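S.K.: Here is what each chain is made of, one letter per residue.
There are 2 protein chains.
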Amino acid sequence: MMKTLEVDLGNRSYPIYIGTDLIDQPELFNACEKATSIYIVTNTTVAPLYSERLTKTLEKFGKPVRIIALPDGESYKDWKNLQLIFDDLLKFGADRQTMLVALGGGVIGDMTGFAAASFMRGIRFIQVPTTLLAQVDSSVGGKTGINHPLGKNMIGAFHQPVAVIADLNTLKTLPPRELSAGLAEVVKHGAIADAQFLDWIEANAKALLACDTDAMGHAVLRSCEIKSAVVSADEREGGIRATLNFGHTFGHAIEAGMGYGEWLHGEAVGCGMVLGADLSCRLKRISKADVERLTKIIHSMNLPIVPPKFGVKRYMELMQVDKKTEGGQIRYVILEKIGKAQIESAPDALVKETLSATGAA
Amino acid sequence: MMKTLEVDLGNRSYPIYIGTDLIDQPELFNACEKATSIYIVTNTTVAPLYSERLTKTLEKFGKPVRIIALPDGESYKDWKNLQLIFDDLLKFGADRQTMLVALGGGVIGDMTGFAAASFMRGIRFIQVPTTLLAQVDSSVGGKTGINHPLGKNMIGAFHQPVAVIADLNTLKTLPPRELSAGLAEVVKHGAIADAQFLDWIEANAKALLACDTDAMGHAVLRSCEIKSAVVSADEREGGIRATLNFGHTFGHAIEAGMGYGEWLHGEAVGCGMVLGADLSCRLKRISKADVERLTKIIHSMNLPIVPPKFGVKRYMELMQVDKKTEGGQIRYVILEKIGKAQIESAPDALVKETLSATGAA
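Residue numbers (full-length UniProt numbering), protein chains in the order written: chain A, 1 to 361; chain B, 1 to 361.
No lab work stands behind these hints: they were computed from the structure.
Among the hints, a few may not be true.
A pair holds if it fits inside one copy or across any two, identical chains being indistinguishable in the list.
[What the hints assert, rightly or not] In silico lysine to aspartate or glutamate, EDC-like type, Cα no more than 20 Å apart, as pairs:
| no. | residue 1 | residue 2 |
| --- | --- | --- |
| 1 | K313 | D348 |
| 2 | K296 | E178 |
| 3 | K63 | E326 |
| 4 | K337 | D290 |
| 5 | K34 | E344 |
Please read these numbers as outputs of a predicted model, since none were measured by experiment.
Looking at chain A on its own, in the form it has when it is part of the complex (with noise of 0.2 Å):
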């Protein structure tokens, strides 16, 4: 089974491939063609599983293929880490030809999305995502970047990939929490901008939890649909783009505040979708039976639905420091009905009100 889907950025277009076993199948890799080398970026958990047959996918291009395994963890995601792969790009010498491939989750596709970006300013890059997280968000629409002690994602590029290749297969190793951290974005794609996909996640939420091949294809292929069709419309984020942060303004200060690797990003982003749907009710957009279904779908994923309690101030310092402020205003992503968001910036009344609601305060 293959499906493949085309990003449509002009002549930065891509396609996107969701299917079963395939890490196996060269003719996906071909524009490694054109490249002078190719090197797989994993980590050392995701290595192991797969870098071995991917290797050998990509040997047929008859070009060397090299891997630089960094440690695994949210917590690597910093200047450190992107600078081991630099150091091995230039050890071995990588040129403007060399190929990137991202063997991993969001992390990874983040770091070598941004080491593609930087790298003598800009060579090619393939994402290879491998958790569910990254499959239906992280790797389409070419957000890379890495952490800042002061703030998530701070330093970073747009840089699109030259192809995604998203194989449903590798889910199936994965830890259940990863899992439930890819369906809380599974779930914002439906609760977002599509009303219809999110009561069909609703009545297949236990077949997404067994990873269930089928299910899962389908939650990929429209989440990366869904993605796709905003990022084409808003690659730089000016406008639409930023609706797909719903649960992120407050996600990211659950991360930041706990540490990042703490709470998985999309447990963070779970839990901050129903301050979100807290906060859109009490701007009297969507009904109380909204913000507690929604709720329920993504306590039904196994995912934290109580907000570590910070208190008020130290939210809103996490939340100063988002990028999503302009101004010094924070910026929210506000759901006008299940299946269309907007964004806005809301009062600190409201916020607070939220934040109590919730038991962050």
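Got chain A; can you put chain B on it based on the hints?
M.R.: Coordinates of chain B only, in the frame set by chain A:
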């Protein structure tokens, strides 16, 4: 006196202003009107000279203006010092509408540009080059970046400024060595693109070394015209833009081999052009008389014309890691004739002859 030149890059086009006392003219910085805050990035040498005047000019926009002063020199063009910019931006609440203003030479311009390219995945910046090298070369064209221990400018981005403001008065305070280093790039523009301009340079060497405002105004303007025409035709260096690297393959090897900061970039490029001309002659493109004339012009600008004696092996190693290699092949900028250049590889045997003949081996 002020001349305006437009770098034509579609919706990323921007003006270059060349003249006297420009840093006192707020209207040239009009792009700051939409900024939420303004950060002047400079170094500890330039800050005492111009940061107060520039701050006064920028404060007219009614936004907070802050100064970030880095240590001065090519050896500080690294991640650690780039991080100091990010630290201050985040500490003081910079956001996506923040404007950076690079006040200084090539190092400050390259670092500020890369900081602007990477901070929150891209914010705007203005170049206020205060060295000749920066005014005639590095501030124009959007190349930004930092050095890696294994190679110069290895990490970076293409990120265009929103304006370049070249105040000729700032050149008056330049140490003679820095002025000569800048003249190397002026000579380069004549050599690769405009034989008549090279004649003019030859005839006006004394006025240029004396930093005569009229002569300098013409040298900066014509250099910016040549460079911006090349950049407009080939922004991301797929072809003709690479001819601007004349003297740079050898020059980067000299800089890296000596340790960054020992030779000024322009000095290394000046000497690198002597080697590039010698190689062009061995490839039977230009005459021995052309090589001698170009060497004499470079020498007349008080630039070194004898390279450090690293030996053949070390030079080849150092050039191998340069960004201009492709599949392990070193690419050289070769003069077809005075005023015309192109990129090609060259037989190692000839390169070795050049290294021996010029004193490098």
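S.K.: Each hint: holds or not?
M.R.: Consistency of the hints with the structure:
For the identical chains of this complex, K313 and D348 are intra-copy neighbours only, at 11 Å inside a copy versus 66 Å across copies, given an alpha-carbon limit of 20 Å. In this assembly of identical chains, K296 and E178 lie within 20 Å of each other by CA distance solely inside one copy; the values are 19 Å within and 67 Å between copies. For the homomeric pair K63 and E326, the shortest alpha-carbon distance between copies (13 Å) is at most 20 Å, but the shortest distance inside one copy (46 Å) is not. In the homo-oligomer, the alpha carbons of K337 and D290 lie at most 20 Å apart inside one protomer (8 Å), although the nearest pairing across protomers, at 74 Å, exceeds that limit.
For a Cα distance limit of 20 Å, the shortest separation of K34 from E344 across copies, 19 Å, qualifies, whereas the shortest one inside one copy, 45 Å, does not.
Hint check: no violations occur; every hint is consistent with the structure.
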